[in-house]
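Using the hints provided, position chains B and C relative to the given structure of chain A.
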Amino acid sequence: MNVNSKSSRVSLTLNVNGVIRECHVASTTTLLELLRGEFGLTGAKRGCDDGNCGACTVLLDGKAVKCCIMLAPQARDRHVMTIEGLGTPERLHPLQQAFVDYFAAQCGYCTPSMILTAKALLDEQPDAQEEDIRHALHGTICRCTGYVKIVQAIEAARDAMA
Amino acid sequence: MISSSPLAMAAFEYLEPTSTDECIEMLTHYGPAASLLAGGTDLIVKLQHRALRPRVVVNMGRLSDLRYLEQNDDGSVAIGALTPLCDIERTNCLANGLDAIRQGATEVSCVQIRNTGTIGGNSCNASPSADTVPPLIAVGAEARLLGPKGERRVPLERFFRGPGKTMLEPGELLHGFHVPPPPHGTSSAYIKYAIRGPFDLAIVGIAARVTLDAERRIAAADIVMGAVGPTPIRAQKAEQLLVGETANEKVIGEAAALAASESSPISDQRATAEYRRRMVEVSTRAALRAAIWGSRKPSVTATIVRNSSPPSALLPR
Amino acid sequence: MTANPAKLSVVGTNVPRVDSVDKVLGRTKYVADLQLEFAELLHAAILRSPHAHARIVALDTSRAERLPGVRAVVTGKDCPQHLAMITQRILAHDEVIWAGEGVAVVVADTPEIAADAIELIDVQYEELPSVLDAEAAALEKPPSVVDRNLGRHPGLAPFTPQAPNVTGSYQLHNGNLEQGFAEADVIVENRFSTGRFSHSQLEPAACIARYEPGGNLTVWTNGQGVHIIKGMLSELFALPGSKIQVITPYQGGSFGNRIRFYHLEALAALLALRTKATVAVTYSRREMYLGSPGGLPVITRIRTGVKRDGTVVAQELDILVDNGASYACLQDGRAAGSGAICVYRQPNISMVTRGVNTNAPWAGAYRGLGSPQVTWAMESQMDILAERLGMSAVDIRLKNILSKGEQNAYGETIESIGAARCVEAVAEAIKIATPSVQEPGPWRRGKGLAVGGKQNTPRGRSEGMVLVHDDGSVEVRFGSDEVGMGAETIMAQIAAEEFGISVKDVRVVRGDSAMTPYDTYSASSFTTYNTGNAIRLACHDAIKAIKRAGAPLLQSSEDDLEVANGRVEIRGVPGSGLRIAELFKPFSPFQDERVAELRKGTPIIGRSVFAPRPAVAWDKKTGRTPRMWNWYQYNACGVEVAVNVETGQIKVVKAAMAADMGFPIHPKLCEGQLEGGLAMAIGTSVLEEFLYRDGVMINPSFADYRIPTVGEAPTRSNVTTLFTPDPLPDGPWGAKGIAEGAVLAVGAAIGNAVYNATGARMYDLPLSAERVLAALTAHAKAVAS
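Here the protein sequences come in this chain order: A, B and C. When the letters of the first sequence are read in order and numbered with this note's numbering, they come out as residues 22 to 183. When the letters of the second sequence are read in order and numbered with this note's numbering, they come out as residues 360 to 676. When the letters of the third sequence are read in order and numbered with this note's numbering, they come out as residues 4 to 788.
Keep in mind the hints are simulated off the structure, nothing from the lab. Just to be clear, a hint being listed does not mean it is correct.
BS3-like mimics (lysine-lysine), calculated; alpha carbons at most 30 Å apart, straight line [said to hold, decoys possible]:
#1 C/Lys547 x C/Lys603
#2 A/Lys84 x B/Lys405
#3 C/Lys10 x C/Lys550
#4 B/Lys524 x B/Lys596
#5 C/Lys32 x B/Lys609
#6 C/Lys10 x A/Lys84
This is chain A alone, in the form it adopts within the complex (with noise of 0.2 Å):
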């Protein structure tokens, strides 16, 4: 048996945002109770019960994942990346000015995992069409904009990268 068992605890390391983190959690811990409570980033959301909304969606390894339903050692030696590791206030991502630049963000709450998502995608496909965009968000889901100015903004992200 491993160093874990018997134990309601539960260590880990993982790379988070470039950051080699380690953790020692209760074992009913998931990955967003992680990094939203244990490390302070908080951009990663609740929005639903059941692994639905999308807005805890995080990159694990570079793959858009929701980790409201993912206990943390699932991210073992892995990389997590939350928005918080994407830009900066000096200098935006791509995909961060363009939400800026098209309104595509009304009450944000969805803003993050959105944009994740849509990198996940354009790193993946740095030519994706809007079916393609349209497809990798089927699972993140946002009660205000109705979408448009969503589709906009990663359109021209990805040219703005090309």
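Below, chains B and C alone, put in the same frame as chain A:
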């Protein structure tokens, strides 16, 4: 402690085996008090709602030997239980007669879920509306089960006992699926019908596999229906109707109507039983058409669902 | 207050939102994100009724109280008795009246312990008959009485309800209805209904309340209206307002859910007062459906008489609005009814509206306040009439839409109405006269349009505060909300325009009862109008003070001065003036207080109060008044849909939205409202409804309450937004509001398009696939026979 919701899991011990043997030891030791964690997309939700209260959660994440997706020389395919659905979505190993499996994986929810959820988890969670299950059954997949007494194989068709219930004995885990090579001239499709497309759980899910002989008669047909019974249901009468017939709209329509009568749906928050039965007919027609002629979805713009790459060019028109 | 738009430099332009950068960086803190800032924080969990109606026979919390880590368990008897503006109990007392009503609350050291403790509460219910059908509930002998004390609540004026569940009623009578029907060439009568919807904004309700014994109660909440919440808490807990501070950080959407949702804060405050600690109450998504306000189902019976030329000559309406389960609710359906009055000329009309309680989760303010639901009925009826007359959908509407200067049926003189141009704009955009191109397969296409109007409630005072700092920078302070619509940006724009500076030089401070002046909440689309006018006036006040300080220094009279670009100058004499910063004398610790001079460290403060002209009470017999509401926003929607005749699914393939918002202060933000409203209304018209079994909602989740994903919205090039504004005389630069207009006409446009595509007329929203398929099947049978 920062909390964004009053939903809070009941305490459990967490275990992380580093080998399949170690995992089986743990499962044997803890029995029904243990839950297996694969991708977690179903399990974590149940834990948060306290629908499940295992004493122990066993994380399979390090069992890399359960993650494989290989086509063998004889055309059979081995799919490891921990293969994420996104890998199934993108593979070249599942074409033509096995394409329904790939199509089923594509229909699961959204990108994020497919990046995390596993094909084994989809079966072991045993939701009647699981999207990869009807296709796996339709192509005759076997479940490879590994336990303290060694390995056994069960036709996937017999793996499910009811919603959330499988044939897994205490101490057993699902190693993966053995998918036999499809006969020559076989093509397959999976049609998921849901209001918001992949995002929703299926209202009905129909897998169809059809083998055409040299004269374009239907030599064999498999129709497996999901979400319309406590476990997937094979539409046997519909299948029998098709065998020996020349593929045409009329016979497809008759088979679809028969399949609807063989379904056993309930009314729930997603749909009424009556509507499900009607959609079985609509979707079975669509699945058979797709399997035989390759057109998979009625076309309309503004739809989120993408047509996967067209099935076999093997089937003569 | 209108000005020549050609002379505007900031207002009317698309400045970057003041909150965008933080939002895209993920730095914006919502209430749940603030939890980290508290060293010690307790967490609450709520036990909710599983029954739609039941007596609480026994409630034993002792086992829960004994669990280590539990700080308190609170039930109805621990809650203040009087209602203080809350039309709910904080927790049920001896009876639960909807499935989801709170019965007990646990406060504990961790969310896990709170959840564990909930399971240790022993409660026994005796189930009672319940009623979810509004028409059954409205009977004189209903299956269930929801609020036993209706009409007799202490602190509220007593009244005798029409029926045990009817909470209020309103009647409007104009002209001669009988005569009107006698003159009509065609008479059509129908019943329309809408289901129960939910706002489903992404950020769940959350509140943190901290109580320091002998000291202050501080509340951070995503509820709306810091001053209103503070006033409510002061009343409820008999705490002086001076000891209460309410702060609303950025809110993750609302659409009305967070308005008057007082028992979120009341509960958190109660728990904080009880434990003398800091307590977080955070709702799950399920609780948002079961325990927060939802939308208003409305049943409209409408009988219309028209002449052959399309003139509406008689209109009879019976409107029943379903409050859900409420205590001390006074809903009379009047707001919903306004949707039937504000668009068309109706010389002979009788409208009766009623509110009724049922045992469903209670209805609060929802985008449109009932107008969209009534518009569904009115605009479906208009298309039915048009077809009977052989007229186009556009012509029958243009024939009857009111003009500026006319009176509507209330007796109000119309000051601003862009409805007709809205109709023309969408008709052109979707080319409604050109039939859809059909493609082979089960999808049938069709086009439809509709128009609607939404009142603005003339209530509420907004106070504005504008600070001019000694560096010349401007700070705007206001007390209403930023739920995502961009209110902070609008106020910054207004100040930038008034001072002749860039938005970048304006700071916004909002939503803190200790810092920001009185305002209500952001509701009824009135923030731009109410708060915007107040901010504008406060800017004028500050500018006057600048001129007063500058006049002696520039040896000029105040009237000859103007303020722009951070300077005060003599008009017409460029370079003549001073930088505003130069008006402030250097800082000195030994300042002579009696001399009224500007000193560094003390800003100029401009203040204002704005309140709309009040409503005028309506005549008790006719229901008429020259001022029932304030202004109306208008919106038309045109769509092309594809209907799958095998499944009943509807896809909106193309949409055009045209808005009369008076004046677009920020055009892109206006577009955003229209695009967002379109998607939201597609949801509530086609996809979303509360489903029940035995009075219990069976789909309280994003899995099964189907809000639109991107796939349910048209592709972006198929959404067109159009502005056809008609300036409002007392709006800032003519501006009204836009946010609710955006959902008014979508449902009816879709319904009309479905009819044009398939020949099946729908009467009940949502147009779920099952309902549409049933209608198609019935239609096919009718055609065959």
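For which of the previously enumerated hints does the structure constitute a violation, in increasing order of number? 5 and 6
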